Amino acid sequence: MVKLVEKAKILRSKNAGPFEITLDVLFDDKKIYEEVKDAGVITKEKIAEIYNLSLEDIHHLVYFDQALGIKITIARKISSGGPGDRDVYGAQQHAPLMNLEI
Amino acid sequence: MQKGIKIISPCGILGYGFPEQPFLDAFNEKIHGIVVDAGSTDAGPHKLGANVSIVSRRALKKDLSIILQKGLTHRIPVIIGSSGGAGAKKHVELTVEIVREILAELNTHARIGIIWADFKQQTIIDALKEGRITPLSSNIPNLTIETILDTKTIVAQMGHEPILKALRQRCDIILCGRSYDPSPFAALGIYHGMDPGLSYHLGKILECGALCAEPGTTKDGILGTLYRDSFTVQALNPMRKCTPTSVAAHTFYEKEHPFILHGPGFKLNLENCEFNEAGDGVIEVRNSQYIADDEMRIKLEGARKIAYRTFVIAGIRDPLLINQLEEVEKEVVRQVRNYFAEISVNDYKINFYHYGKDAVLGEQEPSLFFGHEIGVMFEVLAKDQELANAICANVRSTFLHFGYVGRKSTAGNLAFPFAPSDIEFGPVYEFSIYHLMRITQDPFLLEIVEV
Numbered sequence: 001m002v003k004l005v006e007k008a009k010i011l012r013s014k015n016a017g018p019f020e021i022t023l024d025v026l027f028d029d030k031k032i033y034e035e036v037k038d039a040g041v042i043t044k045e046k047i048a049e050i051y052n053l054s055l056e057d058i059h060h061l062v063y064f065d066q067a068l069g070i071k072i073t074i075a076r077k078i079s080s081g082g083p084g085d086r087d088v089y090g091a092q093q094h095a096p097l098m099n100l101e102i
Numbered sequence: 001m002q003k004g005i006k007i008i009s010p011c012g013i014l015g016y017g018f019p020e021q022p023f024l025d026a027f028n029e030k031i032h033g034i035v036v037d038a039g040s041t042d043a044g045p046h047k048l049g050a051n052v053s054i055v056s057r058r059a060l061k062k063d064l065s066i067i068l069q070k071g072l073t074h075r076i077p078v079i080i081g082s083s084g085g086a087g088a089k090k091h092v093e094l095t096v097e098i099v100r101e102i103l104a105e106l107n108t109h110a111r112i113g114i115i116w117a118d119f120k121q122q123t124i125i126d127a128l129k130e131g132r133i134t135p136l137s138s139n140i141p142n143l144t145i146e147t148i149l150d151t152k153t154i155v156a157q158m159g160h161e162p163i164l165k166a167l168r169q170r171c172d173i174i175l176c177g178r179s180y181d182p183s184p185f186a187a188l189g190i191y192h193g194m195d196p197g198l199s200y201h202l203g204k205i206l207e208c209g210a211l212c213a214e215p216g217t218t219k220d221g222i223l224g225t226l227y228r229d230s231f232t233v234q235a236l237n238p239m240r241k242c243t244p245t246s247v248a249a250h251t252f253y254e255k256e257h258p259f260i261l262h263g264p265g266f267k268l269n270l271e272n273c274e275f276n277e278a279g280d281g282v283i284e285v286r287n288s289q290y291i292a293d294d295e296m297r298i299k300l301e302g303a304r305k306i307a308y309r310t311f312v313i314a315g316i317r318d319p320l321l322i323n324q325l326e327e328v329e330k331e332v333v334r335q336v337r338n339y340f341a342e343i344s345v346n347d348y349k350i351n352f353y354h355y356g357k358d359a360v361l362g363e364q365e366p367s368l369f370f371g372h373e374i375g376v377m378f379e380v381l382a383k384d385q386e387l388a389n390a391i392c393a394n395v396r397s398t399f400l401h402f403g404y405v406g407r408k409s410t411a412g413n414l415a416f417p418f419a420p421s422d423i424e425f426g427p428v429y430e431f432s433i434y435h436l437m438r439i440t441q442d443p444f445l446l447e448i449v450e451v
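Chains as they are written, first to last, in UniProt numbering: chain A, 1 to 102; chain B, 1 to 451.
Hint data in this document are derived by calculation from the structure and do not stem from the laboratory. Only a predicted model underlies this, so the values are computations on that prediction, with no experimental measurement involved. Treat the hints with care, as some may be off.
[Stated by the list, open to error] Simulated crosslink set (DSS-like; lysine-lysine; CA at most 27 Å straight-line):
1) A/K14 / B/K299
2) B/K165 / B/K129
3) B/K152 / B/K129
4) B/K241 / A/K9
5) B/K6 / B/K89
6) A/K77 / B/K299
7) A/K9 / B/K219
8) B/K219 / A/K14
9) A/K3 / B/K357
10) A/K14 / B/K305
11) A/K7 / A/K46
12) B/K383 / A/K77
13) B/K3 / A/K31
14) B/K70 / B/K3
15) A/K44 / B/K89
[What the hints assert, rightly or not] Derived Cβ-Cβ restraints for the label pairs, each shown as a range:
16) A/D38 / B/K120: 49 to 57 Å
17) A/T43 / B/A278: 31 to 39 Å
18) B/I145 / A/K30: 49 to 57 Å
19) B/I145 / A/E35: 23 to 31 Å
20) B/R57 / A/K46: 46 to 54 Å
21) B/V282 / A/D38: 46 to 54 Å
22) B/Q335 / A/D38: 32 to 40 Å
23) A/L55 / B/V282: 53 to 61 Å
24) B/M239 / A/M98: 25 to 33 Å
25) B/E327 / A/L55: 28 to 36 Å
[To be verified] With the Cβ distance kept under 7 Å, some of the chain B side facing chain A (calculated, not the full set):
26) Y16
27) E20
28) P22
29) G44
30) I140
31) N142
32) Y339
33) F340
Positions of the beta carbon are idealized from the N, C-alpha and C atoms, including for glycine.
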């Protein structure tokens with residue numbers, strides 16, 4: 001088993017507007033991208049589990065072959081910069097994804 | 001090769017700064033316009049709510065001086081998107097003021113097009129009553145009249161249409177209020193008769209400056225060239241290079257979907273795009289598809305003041321306390337509530353953040369804690385500043401001296417890095433409007449000023 005962080009070239013999170021956070025996993029090798037895609041580990045159910053969210057809070061999970069990337073967009077529980085928010089830019093929410101075993 | 005329309009984006013946010021020489025060198029060939037995005041919602045709601053900027057006035061003027069001198073010398077339009085950060089009236093006015101200062105210092109004249117993006121509360125209330133407003137995603141509450149009335153500043157993101165109008169009226173400088181980030185770039189392409197799909201896709205890539213290159217940064221420039229059936233991008237600075245993957249990956253950036261992008265009145269479908277290297281570091285993109293919506297909808301943004309904050313940062317090094325931190329904090333809150341029994345618990349809120357443990361992810365943190373110290377930050381949010389200060393002072397003194405079970409360090413529980421320890425933050429805002437509004441005519445007003 002290898003962790004996703006070891007396979008991905010870019011693994012990041014960022015606001016997609018103030019009410020959603022988008023997680024990008026990008027690869028620089030088509031073969032590795034295909035391996036991860038075929039492994040079928042990254043699913044809406046898995047993301048809901050590791051981010052402690054309900055399934056309906058996972059707004060998108062899309063594999064985009066041209067960019068060798070996977071995009072996952074999740075609902076924010078608290079909007080960017082609102083009271084109780086912990087990450088205004090949403091830039092450090094990717095860490096749980098790094099340890100996914102592929 | 002056919003002649004293209006060349007657009008320079010000097011940096012990702014006006015006032016972030018950029019290396020001057022690569023920017024100046026770019027003018028060795030014919031450039032058709034300089035376009036720069038000045039705004040973002042990324043830094044949170046306070047810019048819109050409190051009418052402040054994301055960059056300093058000094059930096060704004062420094063970047064604008066370099067850009068305006070080049071634009072005016074070469075007689076090409078300079079377009080600023082989302083002027084002043086949030087693109088509301090105060091932000092645009094600040095930008096106009098700085099442009100006037102620069103023109104006076106250069107002892108020159110220009111025709112300035114100002115496009116306002118502000119909306120009156122009544123306009124939004126009317127639209128709500130007519131059923132023309134919907135939330136942007138499922139986790140955003142439906143809009144109410146009460147929320148609209150609480151929201152003092154409301155803007156909407158403009159498309160290319162009003163900017164195109166300003167270009168057709170031969171403006172030298174166009175200062176846009178809140179804009180969909182790619183719109184000012186797309187407007188210039190469409191003005192020159194280029195395809196809207198390619199123009200908007202190029203805008204999406206250029207609006208972040210050189211972030212689509214490697215190494216990526218928002219603090220450097222990028223050149224985009226629009227052709228009839230493709231566009232190319234390349235870094236201005238020889239130390240950076242675009243690759244097909246870096247450009248394709250940037251199409252992804254900060255958007256909720258990888259290949260369907262929603263803009264004002266249209267969708268971009270980028271599923272069939274091709275990204276190829278056309279020359280050294282020159283990336284060619286094809287097949288960006290523009291699909292007009294049946295109805296024109298614009299994205300409204302508004303922020304309202306909801307509380308005042310006072311906060312404290314302190315370190316905890318005692319392992320006996322670290323082991324029971326959450327329990328101790330619960331007791332601290334209980335004692336504070338007892339002391340201020342006459343104040344309704346609905347008038348204030350106390351939050352604790354444990355840096356080093358789970359401050360960033362909160363209840364989503366999967367890792368178990370191990371460590372020898374914790375940075376604790378606590379805040380009090382209250383309906384006015386005086387109350388926030390009073391409660392926070394009591395939380396701090398109670399926490400500092402709290403006698404928890406098994407305590408040996410009876411002199412104090414917190415290591416404060418600063419004196420005074422309590423920091424008065426001021427008002428706290430939240431995004432209260434992030435909704436789509438259906439419209440039938442262009443609501444963005446163009447004002448032309450000769451300076």
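Hints versus structure:
A threshold of 27 Å between alpha carbons decides the hint, and for A/K14 with B/K299 the separation of about 20 Å falls inside it, so the pair holds. At roughly 31 Å between alpha-carbon atoms, B/K165 and B/K129 are farther apart than 27 Å, so this suggested pair is violated. With a C-alpha separation of about 19 Å, the suggested pair B/K152 and B/K129 falls inside the 27 Å cut-off, and the hint holds. Restraint check for B/K241 and A/K9: satisfied, since their Cα atoms lie roughly 17 Å apart, inside the 27 Å limit.
Our distance criterion of 27 Å between C-alpha atoms is broken by B/K6 and B/K89, whose separation comes to about 30 Å. As the CA atoms of A/K77 and B/K299 are separated by approximately 21 Å, the hinted pair is consistent with the 27 Å bound. Restraint check for A/K9 and B/K219: satisfied, since their Cα atoms lie roughly 22 Å apart, inside the 27 Å limit. Taking the CA atoms of B/K219 and A/K14, the gap is about 18 Å. The hint holds against a cut of 27 Å.
Between A/K3 and B/K357 the CA atoms are separated by roughly 22 Å; this keeps the pair inside 27 Å, and the hint holds. Using a Cα cut-off of 27 Å, the hinted pair A/K14 and B/K305 holds, with the two alpha carbons roughly 24 Å apart. Distance hint between A/K7 and A/K46 is fulfilled; the C-alpha atoms sit about 18 Å from each other, no more than 27 Å. Between the alpha carbons of B/K383 and A/K77 the distance comes to roughly 22 Å, so the proposed pair stays at or under 27 Å and holds.
Only pairs whose Cα atoms come within 27 Å are accepted, and B/K3 paired with A/K31 is rejected, the gap being roughly 38 Å. A C-alpha spacing of about 21 Å is found between B/K70 and B/K3, which places the hinted pair at or below 27 Å, so the restraint holds. A C-alpha spacing of about 42 Å is found between A/K44 and B/K89, which places the hinted pair above 27 Å, so the restraint is violated. In this structure the supplied range 49 to 57 Å holds for A/D38 paired with B/K120, their Cβ-Cβ distance being about 54 Å.
A C-beta distance of roughly 37 Å is found between A/T43 and B/A278, which places it inside the suggested range of 31 to 39 Å. Checked against the hint of 49 to 57 Å, the C-beta distance between B/I145 and A/K30 comes to roughly 53 Å, which is consistent with it. A C-beta distance of roughly 53 Å is found between B/I145 and A/E35, which places it outside the suggested range of 23 to 31 Å. Checked against the given bound of 46 to 54 Å, the beta carbons of B/R57 and A/K46, roughly 47 Å apart, stay inside it.
At about 33 Å, the beta-carbon gap between B/V282 and A/D38 misses the expected band of 46 to 54 Å. In this structure the hint that B/Q335 and A/D38 lie 32 to 40 Å apart at CB is violated, the actual value being about 57 Å. For A/L55 paired with B/V282, a C-beta distance near 43 Å fails the hint of 53 to 61 Å. Distance hint check for B/M239 and A/M98: the Cβ-Cβ separation is about 29 Å, which falls inside the suggested range of 25 to 33 Å.
The supplied range of 28 to 36 Å is met by B/E327 and A/L55, whose beta-carbon atoms lie about 33 Å from each other. This hint is violated: B/Y16 has a C-beta 14 Å from the nearest C-beta of chain A, more than the 7 Å allowed. Contact between B/E20 and chain A, as hinted, is not supported at the beta carbon level, the nearest pair being about 28 Å apart and thus beyond 7 Å. A cut of 7 Å between beta carbons decides the hint on B/P22: the least distance to chain A is about 25 Å, and the hint is violated.
Using the Cβ-Cβ criterion of 7 Å, the hint placing B/G44 at the interface with chain A is satisfied: the shortest such distance is roughly 2 Å. With its C-beta approaching chain A no nearer than about 5 Å, B/I140 sits inside the 7 Å limit, and its interface hint holds. Given hint, B/N142 at the interface with chain A, is violated; its Cβ is 13 Å from that chain's nearest Cβ, farther than 7 Å. The criterion of a C-beta within 7 Å of any C-beta in chain A is not met by B/Y339, whose closest approach is roughly 23 Å, and the hint is violated.
Hint status for B/F340: violated, given a least beta-carbon distance of 19 Å to chain A, over 7 Å.
In the structure shown, a violation is registered for the earlier hints numbered 2, 5, 13, 15, 19, 21, 22, 23, 26, 27, 28, 31, 32, 33, in ascending order.
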